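S.K.: The listed protein sequences correspond, in order, to chains A and B.
Following the numbering used here, the numbering of the first sequence begins with 34 at its first residue and continues without gaps.
Following the numbering used here, the numbering of the second sequence begins with 34 at its first residue and continues without gaps.
These aren't lab readings, by the way, just hints derived from the structure by calculation.
From a predicted model like this one, the values you see are computed outputs, not experimental measurements.
Keep in mind that a hint or two might mislead.
No copy labels: a pair is met if it fits in one copy or bridges any two.
Computed cross-link-like contacts, DMTMM-like style, restricted to lysine to aspartate or glutamate with a CA-CA straight-line distance of at most 25 Å [claimed, not checked]:
#  : residue 1 : residue 2
1  : LYS63     : ASP353
2  : LYS63     : GLU397
3  : LYS405    : ASP439
4  : LYS405    : ASP432
5  : LYS63     : ASP174
6  : LYS67     : ASP382
7  : LYS63     : ASP439
8  : LYS67     : GLU369
9  : LYS63     : ASP251
10 : LYS63     : GLU248
11 : LYS405    : ASP353
12 : LYS405    : ASP75
13 : LYS405    : ASP283
14 : LYS67     : ASP169
15 : LYS405    : ASP382
16 : LYS63     : ASP75
As a plain string of letters, each chain reads:
Number of protein chains: 2
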Amino acid sequence: MPVHLPPPDPATLHPIPGVRLGTTAAGIRKADRKDLTVMLLDPCASVAGVFTRNRCAAAPVQLCRQHLAHSAAVRALLVNTGTANAGTGETGLANALRTCEALAQRVGIAAEAVLPFSTGVILEPLPVDRVVAGLDAAIADAQPDHWFDAAQAIMTTDTVPKAFSSSATIDGAAVHATGICKGAGMIHPNMATMLGFLATDACIAPALLPTLVRELADASFHRITVDGDTSTNDSFVLIATHRAHHTPIDSLHSPAGQALWGLLLPVAQRLAQAIVRDGEGATKYITVQVDGGRNAAECKQVAQAIARSPLVKTAFFASDPNLGRILCAVGNGGIEDLDAATVDVYLDDVHVVQHGGRHPAYREQDGQRVMKQSEITVRVDLHRGGASETVWTTDLSHDYVSINADYRS
Amino acid sequence: MPVHLPPPDPATLHPIPGVRLGTTAAGIRKADRKDLTVMLLDPCASVAGVFTRNRCAAAPVQLCRQHLAHSAAVRALLVNTGTANAGTGETGLANALRTCEALAQRVGIAAEAVLPFSTGVILEPLPVDRVVAGLDAAIADAQPDHWFDAAQAIMTTDTVPKAFSSSATIDGAAVHATGICKGAGMIHPNMATMLGFLATDACIAPALLPTLVRELADASFHRITVDGDTSTNDSFVLIATHRAHHTPIDSLHSPAGQALWGLLLPVAQRLAQAIVRDGEGATKYITVQVDGGRNAAECKQVAQAIARSPLVKTAFFASDPNLGRILCAVGNGGIEDLDAATVDVYLDDVHVVQHGGRHPAYREQDGQRVMKQSEITVRVDLHRGGASETVWTTDLSHDYVSINADYRS
Numbered sequence: 034m035p036v037h038l039p040p041p042d043p044a045t046l047h048p049i050p051g052v053r054l055g056t057t058a059a060g061i062r063k064a065d066r067k068d069l070t071v072m073l074l075d076p077c078a079s080v081a082g083v084f085t086r087n088r089c090a091a092a093p094v095q096l097c098r099q100h101l102a103h104s105a106a107v108r109a110l111l112v113n114t115g116t117a118n119a120g121t122g123e124t125g126l127a128n129a130l131r132t133c134e135a136l137a138q139r140v141g142i143a144a145e146a147v148l149p150f151s152t153g154v155i156l157e158p159l160p161v162d163r164v165v166a167g168l169d170a171a172i173a174d175a176q177p178d179h180w181f182d183a184a185q186a187i188m189t190t191d192t193v194p195k196a197f198s199s200s201a202t203i204d205g206a207a208v209h210a211t212g213i214c215k216g217a218g219m220i221h222p223n224m225a226t227m228l229g230f231l232a233t234d235a236c237i238a239p240a241l242l243p244t245l246v247r248e249l250a251d252a253s254f255h256r257i258t259v260d261g262d263t264s265t266n267d268s269f270v271l272i273a274t275h276r277a278h279h280t281p282i283d284s285l286h287s288p289a290g291q292a293l294w295g296l297l298l299p300v301a302q303r304l305a306q307a308i309v310r311d312g313e314g315a316t317k318y319i320t321v322q323v324d325g326g327r328n329a330a331e332c333k334q335v336a337q338a339i340a341r342s343p344l345v346k347t348a349f350f351a352s353d354p355n356l357g358r359i360l361c362a363v364g365n366g367g368i369e370d371l372d373a374a375t376v377d378v379y380l381d382d383v384h385v386v387q388h389g390g391r392h393p394a395y396r397e398q399d400g401q402r403v404m405k406q407s408e409i410t411v412r413v414d415l416h417r418g419g420a421s422e423t424v425w426t427t428d429l430s431h432d433y434v435s436i437n438a439d440y441r442s
Numbered sequence: 034m035p036v037h038l039p040p041p042d043p044a045t046l047h048p049i050p051g052v053r054l055g056t057t058a059a060g061i062r063k064a065d066r067k068d069l070t071v072m073l074l075d076p077c078a079s080v081a082g083v084f085t086r087n088r089c090a091a092a093p094v095q096l097c098r099q100h101l102a103h104s105a106a107v108r109a110l111l112v113n114t115g116t117a118n119a120g121t122g123e124t125g126l127a128n129a130l131r132t133c134e135a136l137a138q139r140v141g142i143a144a145e146a147v148l149p150f151s152t153g154v155i156l157e158p159l160p161v162d163r164v165v166a167g168l169d170a171a172i173a174d175a176q177p178d179h180w181f182d183a184a185q186a187i188m189t190t191d192t193v194p195k196a197f198s199s200s201a202t203i204d205g206a207a208v209h210a211t212g213i214c215k216g217a218g219m220i221h222p223n224m225a226t227m228l229g230f231l232a233t234d235a236c237i238a239p240a241l242l243p244t245l246v247r248e249l250a251d252a253s254f255h256r257i258t259v260d261g262d263t264s265t266n267d268s269f270v271l272i273a274t275h276r277a278h279h280t281p282i283d284s285l286h287s288p289a290g291q292a293l294w295g296l297l298l299p300v301a302q303r304l305a306q307a308i309v310r311d312g313e314g315a316t317k318y319i320t321v322q323v324d325g326g327r328n329a330a331e332c333k334q335v336a337q338a339i340a341r342s343p344l345v346k347t348a349f350f351a352s353d354p355n356l357g358r359i360l361c362a363v364g365n366g367g368i369e370d371l372d373a374a375t376v377d378v379y380l381d382d383v384h385v386v387q388h389g390g391r392h393p394a395y396r397e398q399d400g401q402r403v404m405k406q407s408e409i410t411v412r413v414d415l416h417r418g419g420a421s422e423t424v425w426t427t428d429l430s431h432d433y434v435s436i437n438a439d440y441r442s
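Go ahead and model the full structure; you've got the sequences and the hints to work with.
M.R.: Written out as structure tokens, the structure reads:
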């Protein structure tokens, strides 16, 4: 059961002029399940992406990097679920390229203009023939208003499709952004097993796009963790179709750049948070905020140490205010010169730890009250500087073990 | 149910001349349960220890460090279970010191000659009065042959007491070593919630002791992980009583030094492995060996990435050869310039991954056969150097979640 994550209403998802999406059931791993998606882009569109830092990156990730580096323009994205095409060596690369070629040929573009994406089981071959056999149906299905269908077709252990839109006015022009993503386990994005696609019709200088996608990922997908495992296939792609009627934006620091950030960030963050809310076995949605660090990096380290701790996560599952586990995780955050005597910990409004020890006024029943909630904020104040960072995570439940012990079988 | 870990036969545990152990039920957290242990050392004994690198180290750990730095000789160790006296601030330090003073006064030594150890729930005060009230009974119980009782009295979520002995002949003299430890969860030693005590009657130059305890910990407790959480209270202490009739050993590189290492290492390793075998919810005992690294550090990083991965651990629990998860973990091991195409993975004798991809001859039924065993070795060959490292870990089961959702409640 996802935590406060209703499925999106398809009517709330803006089409993005210049982007068409088509899906089909290609039978890649399971029959009668949409598992193949094509996204077709107009020639003027610009694309940038960030990809997993796992050193065993999947074949499609390697090919995306190559195509983005060498291709003049990306014209299509091809996404399959069922198999990750990771741990597949040279054959995996050749297979991914064959699917790009097949799509390219059908829509009259170059193979390098196609970005391939796979998600599913690692170490199993991509069934190229089934992917290719599904392409005609997916292409025939391509429409600007098929975001909801695409969000469904990229799901694996997800229980809810994830899609959000937002709108803004930039230089008097109406601008839109719509994004979809998938992911529920193996989530510890460094660049998550998440795939995220965010499109906007804003006019963005192509040179700004790589910076923008990196900063968006840092402020969204890089702030989530479910189980601490960074997948081989994580990819987040930003598509700008430049169809809105405003002057191209070449800096995030201009008023128009700020408006663009305000347009895109909420979609990226809600997509990332949706992955956590639908995290495998999640019964709680936890926000971990670390304040008072010397820099953002050390705040994030501590936040991640808390968010990754199995003991903290099982305590949240049990609604047990065994809050010493949070303090223990703070101590494991890798700040070598941390003075434990300056650490404060809050559970929502309850001050639990003061000066590194139990707050004198802390009462177990207050901790218990907050722990029973399905949404909880843990706030740590390190009192050693002005920096802050926030990470979103889940609890660790029996269902996480069941899902991952059963997945594949 | 621990994995192949019968309780020790008390008759196999050698007394160590110069060490007496006494236990009692002091009612620290639960009634009618042995929870207080004293270890009384002869004046000639030497002691060295390694302690948690968690920056929120417990009060007793802080006091141990102080006493080891300033005291001429350690004469007694005091261990309680039930509460960790961690996250207790200045009061915690004062409480730990009060218990040292009370023991010191009763046996006629200085307070700084006492090393205190606590294990249990974090963020709760040490009930000093109950500890002090139990001291007379524990001291009266002190005998050289009470190692088994002490191993029982230091347990928390452990299901089996952990104690081992070994013997050697050094320079013609019979020498003995006996060790005990506790720990089952919050185990990721970076010194584990482990406490380990190893005593020998070997004659060891005091200057060698700190090096020896560090090298022993590196070769044993630092190679285990259950859940990836480093506790606030991890401590491993080596006691040498110098009663054996041989020349003092001042180097590990001499023949006598090698014999000493051969005496102590098996006890330290079996203690560390016993913690894994009794790991919370463990149904399997996994050895992760990484070969072919440029140096031991990168081998250990990769081994730990595999051993910590919840997805790898749940696959072991399910006996599901979802072995791509192992390859994914290798890629998350932090080796920035790792070439995935050189990675080989073996499951016992089964060659699963070759050159970064599925081995052509690999058959699912072979992987399945190994995965069903209760003891499994994962071997990774990085093919980039001559270094190797080994880490021991468990699977991640429903019982881990149950134990940690219920502990304390």
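S.K.: With identical chains, the pair LYS63 and ASP353 could be close in the same copy or across copies; at 25 Å between alpha carbons, which is it: within, between, both, or neither?
M.R.: between (40 Å within a copy, 19 Å between copies)
S.K.: Checking an output row: LYS405 and ASP75, CA cutoff 25 Å. Within, between, both or neither?
M.R.: Neither: 49 Å inside a chain and 52 Å across chains, both beyond 25 Å.
S.K.: Should LYS63 paired with ASP75 be assigned to within, between, both, or neither, using CA atoms and 25 Å as the limit?
M.R.: Intra 32 Å, inter 70 Å, cutoff 25 Å: neither.
S.K.: With identical chains, the pair LYS67 and ASP169 could be close in the same copy or across copies; at 25 Å between alpha carbons, which is it: within, between, both, or neither?
M.R.: within (14 Å within a copy, 72 Å between copies)
S.K.: Can you tell me if LYS405 and ASP432 fall within 25 Å by alpha carbon in one copy, between copies, both or neither?
M.R.: both (18 Å within a copy, 22 Å between copies)
S.K.: At most 25 Å between alpha carbons: which applies to LYS405 and ASP353, within, between, both or neither?
M.R.: The answer is within: 8 Å in one copy meets 25 Å, while 34 Å across copies does not.
S.K.: Between LYS63 and ASP174, at a C-alpha cutoff of 25 Å, which is it: within one copy, between copies, both, or neither?
M.R.: Within. Shortest intra-copy distance 20 Å satisfies the 25 Å Cα cut-off; inter-copy 66 Å does not.
S.K.: At 25 Å max between alpha carbons, let me know whether LYS405 reaches ASP439 within a copy, between copies, both or neither.
M.R.: between (28 Å within a copy, 15 Å between copies)
S.K.: With identical chains, the pair LYS63 and GLU397 could be close in the same copy or across copies; at 25 Å between alpha carbons, which is it: within, between, both, or neither?
M.R.: between (49 Å within a copy, 19 Å between copies)
S.K.: Regarding LYS63 and GLU248, is the shortest C-alpha distance of 25 Å or less found within a copy, between copies, in both, or in neither?
M.R.: neither (36 Å within a copy, 52 Å between copies)
S.K.: I want to check one pair: LYS67 and GLU369. Are their C-alpha atoms no more than 25 Å apart within a copy, between two copies, both, or neither?
M.R.: For LYS67 and GLU369, the Cα distance exceeds 25 Å both inside one copy (49 Å) and across copies (36 Å).
S.K.: Since the copies are identical, ignore which copy is meant and state whether LYS67 and ASP382 lie within 25 Å (CA to CA) inside a copy, between copies, both or neither.
M.R.: Cα proximity of LYS67 and ASP382: none, with 44 Å in one copy and 39 Å across.
When the structure is compared with the earlier hints, violations turn up for hints 6, 8, 9, 10, 12, 13, 16 and for no others.
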